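*Asks:* Protein sequence lines, in the order shown, are assigned to chains A and B. With this note's numbering applied, the first sequence covers 1 to 498. With this note's numbering applied, the second sequence covers 1 to 498.
Some hints here could point you the wrong way.
Because identical chains share one entry, a pair is satisfied inside a single copy or across any pair of copies.
Subject to a maximum C-alpha distance of 27 Å in a straight line, what follows is the list of computed DSS-like cross-link-like pairs (lysine-lysine) [as the list claims (entries may be wrong)]:
1) K257 / K291
2) K71 / K335
3) K293 / K71
4) K257 / K230
5) K230 / K293
6) K291 / K71
7) K335 / K293
8) K230 / K335
9) K291 / K230
Calculated directly from the structure, the hints in this document are not laboratory data. Given the structure is predicted, the values throughout are model-derived calculations rather than measurements.
Number of protein chains: 2
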Amino acid sequence: MSGPQTPEPALRIQGDAPTGARDEDAADGIQHSHRMLSFSDALLSIIATVMILPVTHTEISPEQFDKSIQKLLATRIAVYLMTFLIVTVAWAAHTRLFQVVGKIDDTLALLNLACMMTITFLPFTFSLMVTFPEVPLGIFLFCMCVITIGAVQALIVVYAFHFPHLLNPQIESSAHRALYRQHILGIVLRGPALCFVAAGFSLFFYPLSYLLMAMVIFLPYVSKVSSWCKGRLVGPQEPPAHSMEFFTFDLHEPLSKERVEAFSDGVYAIVATLLILDICEDNVPDPRDVKEKFHGSLVAALSVYGPHFLAYFGSFATVGLLWFAHHSLFLHIRKATQSMGLLNTLSLAFVGGLPLAYQQTSAFARQPHDELESVRISCAIIFLASIFQFAIWTTALLHEGETLQPSARFGGREHAFMFAKLALYPCASLLAFASTCFLSRFSTAIFHLMQIAVPFAFLLLRLLVRLGLALLCAMRGLTQPATQAEEDAHAPLLPAAC
Amino acid sequence: MSGPQTPEPALRIQGDAPTGARDEDAADGIQHSHRMLSFSDALLSIIATVMILPVTHTEISPEQFDKSIQKLLATRIAVYLMTFLIVTVAWAAHTRLFQVVGKIDDTLALLNLACMMTITFLPFTFSLMVTFPEVPLGIFLFCMCVITIGAVQALIVVYAFHFPHLLNPQIESSAHRALYRQHILGIVLRGPALCFVAAGFSLFFYPLSYLLMAMVIFLPYVSKVSSWCKGRLVGPQEPPAHSMEFFTFDLHEPLSKERVEAFSDGVYAIVATLLILDICEDNVPDPRDVKEKFHGSLVAALSVYGPHFLAYFGSFATVGLLWFAHHSLFLHIRKATQSMGLLNTLSLAFVGGLPLAYQQTSAFARQPHDELESVRISCAIIFLASIFQFAIWTTALLHEGETLQPSARFGGREHAFMFAKLALYPCASLLAFASTCFLSRFSTAIFHLMQIAVPFAFLLLRLLVRLGLALLCAMRGLTQPATQAEEDAHAPLLPAAC
Numbered sequence: 001m002s003g004p005q006t007p008e009p010a011l012r013i014q015g016d017a018p019t020g021a022r023d024e025d026a027a028d029g030i031q032h033s034h035r036m037l038s039f040s041d042a043l044l045s046i047i048a049t050v051m052i053l054p055v056t057h058t059e060i061s062p063e064q065f066d067k068s069i070q071k072l073l074a075t076r077i078a079v080y081l082m083t084f085l086i087v088t089v090a091w092a093a094h095t096r097l098f099q100v101v102g103k104i105d106d107t108l109a110l111l112n113l114a115c116m117m118t119i120t121f122l123p124f125t126f127s128l129m130v131t132f133p134e135v136p137l138g139i140f141l142f143c144m145c146v147i148t149i150g151a152v153q154a155l156i157v158v159y160a161f162h163f164p165h166l167l168n169p170q171i172e173s174s175a176h177r178a179l180y181r182q183h184i185l186g187i188v189l190r191g192p193a194l195c196f197v198a199a200g201f202s203l204f205f206y207p208l209s210y211l212l213m214a215m216v217i218f219l220p221y222v223s224k225v226s227s228w229c230k231g232r233l234v235g236p237q238e239p240p241a242h243s244m245e246f247f248t249f250d251l252h253e254p255l256s257k258e259r260v261e262a263f264s265d266g267v268y269a270i271v272a273t274l275l276i277l278d279i280c281e282d283n284v285p286d287p288r289d290v291k292e293k294f295h296g297s298l299v300a301a302l303s304v305y306g307p308h309f310l311a312y313f314g315s316f317a318t319v320g321l322l323w324f325a326h327h328s329l330f331l332h333i334r335k336a337t338q339s340m341g342l343l344n345t346l347s348l349a350f351v352g353g354l355p356l357a358y359q360q361t362s363a364f365a366r367q368p369h370d371e372l373e374s375v376r377i378s379c380a381i382i383f384l385a386s387i388f389q390f391a392i393w394t395t396a397l398l399h400e401g402e403t404l405q406p407s408a409r410f411g412g413r414e415h416a417f418m419f420a421k422l423a424l425y426p427c428a429s430l431l432a433f434a435s436t437c438f439l440s441r442f443s444t445a446i447f448h449l450m451q452i453a454v455p456f457a458f459l460l461l462r463l464l465v466r467l468g469l470a471l472l473c474a475m476r477g478l479t480q481p482a483t484q485a486e487e488d489a490h491a492p493l494l495p496a497a498c
Numbered sequence: 001m002s003g004p005q006t007p008e009p010a011l012r013i014q015g016d017a018p019t020g021a022r023d024e025d026a027a028d029g030i031q032h033s034h035r036m037l038s039f040s041d042a043l044l045s046i047i048a049t050v051m052i053l054p055v056t057h058t059e060i061s062p063e064q065f066d067k068s069i070q071k072l073l074a075t076r077i078a079v080y081l082m083t084f085l086i087v088t089v090a091w092a093a094h095t096r097l098f099q100v101v102g103k104i105d106d107t108l109a110l111l112n113l114a115c116m117m118t119i120t121f122l123p124f125t126f127s128l129m130v131t132f133p134e135v136p137l138g139i140f141l142f143c144m145c146v147i148t149i150g151a152v153q154a155l156i157v158v159y160a161f162h163f164p165h166l167l168n169p170q171i172e173s174s175a176h177r178a179l180y181r182q183h184i185l186g187i188v189l190r191g192p193a194l195c196f197v198a199a200g201f202s203l204f205f206y207p208l209s210y211l212l213m214a215m216v217i218f219l220p221y222v223s224k225v226s227s228w229c230k231g232r233l234v235g236p237q238e239p240p241a242h243s244m245e246f247f248t249f250d251l252h253e254p255l256s257k258e259r260v261e262a263f264s265d266g267v268y269a270i271v272a273t274l275l276i277l278d279i280c281e282d283n284v285p286d287p288r289d290v291k292e293k294f295h296g297s298l299v300a301a302l303s304v305y306g307p308h309f310l311a312y313f314g315s316f317a318t319v320g321l322l323w324f325a326h327h328s329l330f331l332h333i334r335k336a337t338q339s340m341g342l343l344n345t346l347s348l349a350f351v352g353g354l355p356l357a358y359q360q361t362s363a364f365a366r367q368p369h370d371e372l373e374s375v376r377i378s379c380a381i382i383f384l385a386s387i388f389q390f391a392i393w394t395t396a397l398l399h400e401g402e403t404l405q406p407s408a409r410f411g412g413r414e415h416a417f418m419f420a421k422l423a424l425y426p427c428a429s430l431l432a433f434a435s436t437c438f439l440s441r442f443s444t445a446i447f448h449l450m451q452i453a454v455p456f457a458f459l460l461l462r463l464l465v466r467l468g469l470a471l472l473c474a475m476r477g478l479t480q481p482a483t484q485a486e487e488d489a490h491a492p493l494l495p496a497a498c
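One chain only, chain A, in its complex shape (with noise of 0.2 Å):
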């Protein structure tokens, strides 16, 4: 194995550390910080999808589906996006900050949880600003949150600056701690100062603070995709920040992996359990309709929610699925780059929004005219959901000695499986589509065939990718000298050479 330069990011946490050396920290009051920071995903991959509900929850009859509804659907779509986006700022700036902080004490602790709670009333302003968008309160108290987290976390980088132990091993024994504590405190406090001043304008001149608003979120993003094209086209550079010699600690280092899985985790997990949440509270018939309306007969009852399960079975497997496809993709992934975190954060978007298109196809499902519409939205969300997910693995393989486990790599064992199960749901839902242009009268039986016919496929996929590669084999074979096929078919697969 040719072994790569590159070190481990040298941030391992927690888990791995003896027990004894760990408890000695702990009688200090000192602790790994591991815990607190997948509650910490937990909470904010909640967070980032809670603005789902009001889209899947707008209440549309087919009768007055008129503009004014496609507007507010169009404006809360936009809001969970947007939402979706800010909170995953707040995200990679929680984790930066804990890349620098290692270790935590009770304080600490403490302030991270006055942190979090901030960041829970970010999706309720942000929707606040966006139904009242004349009324300058919205945004002064969207600014107000940014302030208060901006100060708190401020307030752990002063902490944990006072009592070095806390630190990264790295910073600790740097000689210019004190220069490192400048600069992560402008890097913290660099959003919160705009949203000062954007809180100030919106008292008089509320315009304005929507521009510099639209700064604090869209900069990171900006700036990695600039960062990003700049790579592609002059080729990989030096960092600015290397250009201080003394920093020992890159702080644009790549995002640590374990927290963007922990953080993924939770979205799937929230997304995949948000239709349970629906079906358990709404689902159950009224014991007093079932006796007036079905005669007493449950079953009746239950069968006009029959649709609703069958959507369930479908949302859950596809989400269930989409996750199996980006844990089997971060395992072969050693680091993770800004592109693909960029990239990991749009797909969870579009996952986000898989409710959406639970809701659309159970909803509208004795709509004919409709229907169509549904099914091609949700075939578009899974589309785009896993689309994002193969163009993680793409960008991967560009710096594949950096980025990949050896047997994901191009040619190795394993990149023919991961190249045919990151395909699966693209290729699939993208057929779906197609044929609902055909077929559109079976538009959702498509559908729903479709979401029952993947799970099967994954489970086949070795199989298939095998017998594929054989047929790729043995075709050449046909135009090959025997003894090279042979000699192909008893070398691990390698789709390069075949």
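Start from chain A and add chain B according to the hints.
*Replies:* Okay, now just chain B, sitting in the frame of chain A:
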């Protein structure tokens, strides 16, 4: 340090495996199960708490607060608690299963997803069963769910024993693997077999099937409690599984601490955010309402929701701090025994009831008569959730050599802090409850004051405990020779010695 003799649970799963080894496994399609298990824990914890939603969303306008509503509310609370216990049983079975199956491959991951999907249906079927107790369909569906779960789990066992490299190394290398398989299959299929009989009876004599079902749900708890009682009365015994001498791996060994933590984190995270889900969805005022009712004043419209926000802050702080106490507690725990697991489940069940406390204090905020009652219910919920945490610690102290880190044991450096941390919420809620008896007019104010004061108490805890101990020492010093007192002052904080 008196090193404890008990071996660490031999099931360290992942994360600490070096990259090379991990990749080699991954190339064979074998994966460490860590991430799949955290995902399952997240799903299960959300499902366990889902039935609190119908409880909190029961609409009680004070006029129609009659017997029928009270009965409905009581039924829903019972459904919530039972669902919590049922899902916890399923979670414990899942934990045991994956203590035997140490690694996973794609097939097992997909089977696990199927298992999860079936478990998500348990709350629905159970609440169907309670709403229509005399229609056998509910219990029939419930039993079908349990049987499906059992069948999938049996499939997992058979598959894993067919490819022994997936098993826990201890079992893999055991000479009696076939016996293990039989034994584990027996454990996995015990419940489903009972349910199969129950499903049969549900078709012609359903009361008997309720009895059988109750056995499935309560048997694990009853056997745990009785074995614990026996242990307390007779003294610790060899567990009965050891009677089969050739078993090198104890099937009854304690639940893995990591998974107990992950499941608890999930419950705390979803409970903390259930409130924000409601706030985000319902509390953004309608633009038309604002124009008509509040003459366009958004501030006036929002102030109507004021009590909601106050209650939200209080409730989030309470959940967060209970998580914090739980976090501190498990930091000092080396191993979770069965009785500690049971106490943890009970504590979590009441934590899951906290959204109810929130709903009560915010919905009744204007009705002085009901207010008193709802504040008392809230205090009781908080008291029970926190007292069970305290009980976990007390139980751990009984076997401190085995279960606790040295620093938290009786007389250890952290003992006094731990005691104070875990006693804070029981004391505060009890105090609030008591003061509502004397100052019933200010009950809501007292409750909110408590919720706001406790976080600061946590911050000042170390200071307070040190002060208290110093005071204790000083008071004792008056009756003791001065030199002794000085010595004490320099020693680490030992409440037992003071």
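*Asks:* Within a copy, between copies, both or neither: which one fits K291 and K71 at a CA-CA cutoff of 27 Å?
*Replies:* between (39 Å within a copy, 19 Å between copies)
*Asks:* Have a look at K71 and K335 and pick one of within, between, both or neither, based on CA distance no larger than 27 Å.
*Replies:* Answer is neither: 41 Å inside a copy and 55 Å across each miss the 27 Å cutoff.
*Asks:* Treating 27 Å as the Cα threshold, decide for K257 and K230: within, between, both or neither.
*Replies:* The answer is within: 24 Å in one copy meets 27 Å, while 46 Å across copies does not.
*Asks:* With 27 Å as the alpha-carbon cut-off, assign the pair K230 and K335 to within, between, both or neither.
*Replies:* within (20 Å within a copy, 51 Å between copies)
*Asks:* Quick one: K230 to K293, C-alpha cut-off 27 Å, is that within a copy, between copies, both, or neither?
*Replies:* neither (65 Å within a copy, 54 Å between copies)
*Asks:* Between copies, within a copy, both or neither: which fits K293 and K71 at Cα up to 27 Å?
*Replies:* Result: close only across copies, 24 Å inter versus 36 Å intra.
*Asks:* Within a copy, between copies, both or neither: which one fits K335 and K293 at a CA-CA cutoff of 27 Å?
*Replies:* neither (59 Å within a copy, 55 Å between copies)
*Asks:* Tell me, please, which holds for K257 and K291 at an alpha-carbon limit of 27 Å: within, between, both or neither?
*Replies:* So K257 and K291 fail the 27 Å test inside a copy (55 Å) and across (49 Å) alike.
*Asks:* Is it within, between, both or neither when you check K291 against K230 at 27 Å Cα-Cα?
*Replies:* neither (68 Å within a copy, 50 Å between copies)
Checked against the numbered hints given earlier, this structure breaks hints 1, 2, 5, 7 and 9; the rest are met.
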